[in-house]
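Student: Sequence:
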Amino acid sequence: MSSMKNRPVAVVTGASRGLGRGIAIALGEAGFTVYCTGRSDRQAVGPWGGTVRDTAELVDQAGGKGIVAICDHLDDFKTEALFKRVDAEQGRLDLLVNNAFAMPDWAVPDGNFWERPLSLWRDMIDVGLRSSYAASHFAAPIMVRQRCGLIANTSGPGGKIYRHALPYGVGKAGQDKLAHDMAHELRPFDVAAISLWPGLIGTERTLAGIAAGGVVGDNAGNLPHIETPFFIGRVLAAIHAAGDAMTLSGGTFYSTELASRYGVTDADGRLPESRRPLFGAPLYQPISCEVGEAVHDSGV
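For the sequence shown, the working numbering begins at 1 and goes up steadily by one.
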């Protein structure tokens with residue numbers, strides 16, 4: 001896909017490192033123009049390094065077009081400016097991946113919610129959930145105008161079960177509900193919204209935990225569930241190529257179950273195991289499958 005005009009256009013928030021970087025690179029492999037957002041440009045922010053400029057260069061190397069988009073998603077004016085820029089430069093937006101999230105330092109002392117710092121709420125709800133809402137708010141008019149597009153939230157089973165700090169679960173539950181309810185309002189305009197539950201993701205942080213003998217959020221016995229950071233990006237590229245996102249809209253999905261549906265494997269050739277036996281079905285199914293107010297199983 002050599003012509004810039006013919007490239008599908010994506011915005012991936014929180015693309016400096018980890019899952020966001022992997023998603024952006026995988027979309028680059030599929031020929032996307034990818035706006036890689038994050039606070040960091042030339043100088044890495046945080047202990048895990050990585051900048052959006054690094055990510056954009058890797059998108060280019062993968063065969064796509066990476067575009068640096070410095071944006072603090074806590075600032076609504078900067079978020080709005082980002083999507084005005086995308087619209088002005090590209091005239092369209094095919095995919096928004098809401099991935100911005102401030103992962104806490106797990107060295108913060110354990111304890112009940114009243115014993116932990118209030119800053120955890122800001123990190124997980126404001127940087128995570130609220131920024132997804134704001135990005136979707138500014139992306140939706142572009143997609144509604146063109147009458148197509150997909151908004152995908154990265155989430156996880158923490159939205160259903162108790163997991164990590166209390167604000168973590170609230171944020172994940174909110175990502176799933178946000179996608180589900182956006183889907184209802186976007187449906188008349190043929191724009192889809194979904195939420196994705198990955199397995200254990202082999203990010204820099206997770207791999208460091210494995211090397212140290214402990215895995216954040218899972219244990220060594222669950223390593224068949226591990227996914228590379230590229231896996232969800234491959235799944236999203238397959239959904240775009242298939243053109244059937246509206247059949248998924250409103251649902252929450254295990255990434256590996258969608259991969260099976262679309263014939264996608266991870267970067268290492270595996271199909272990671274679903275964590276459904278561990279955590280059960282997500283709460284929200286596609287709105288096209290709903291009967292009355294019932295929402296049950298989004299297994300595919």
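Among the hints, erroneous ones may be present.
Claimed, not checked - Each computed PhoX-like pair below joins lysine-lysine, with the alpha-carbon atoms no more than 25 Å apart:
| id | residue 1 | residue 2 |
| --- | --- | --- |
| 1 | Lys65 | Lys5 |
| 2 | Lys78 | Lys65 |
| 3 | Lys84 | Lys65 |
| 4 | Lys160 | Lys84 |
| 5 | Lys160 | Lys177 |
Bear in mind the hints are in silico, worked out from the structure with no lab data behind them. This one's a predicted model, so the numbers in the text were calculated from it and none came from an experiment.
Student: Please go over all the hints and tell whether each is borne out by the structure.
Tutor: Going down the list of hints, with the structure as the test:
1. Lys65 with Lys5: 11 Å, holds
2. Lys78 with Lys65: Holds. Lys78 to Lys65 sits at ~22 Å (cutoff 25 Å).
3. Lys84 with Lys65: Roughly 19 Å between the alpha carbons, so the hint for Lys84 and Lys65 holds.
4. Lys160 with Lys84: 35 Å, violated
5. Lys160 with Lys177: Satisfied, since the Cα-Cα distance of roughly 11 Å is no more than 25 Å.
Hint check: a violation occurs at hint 4 only; the rest are consistent with the structure.
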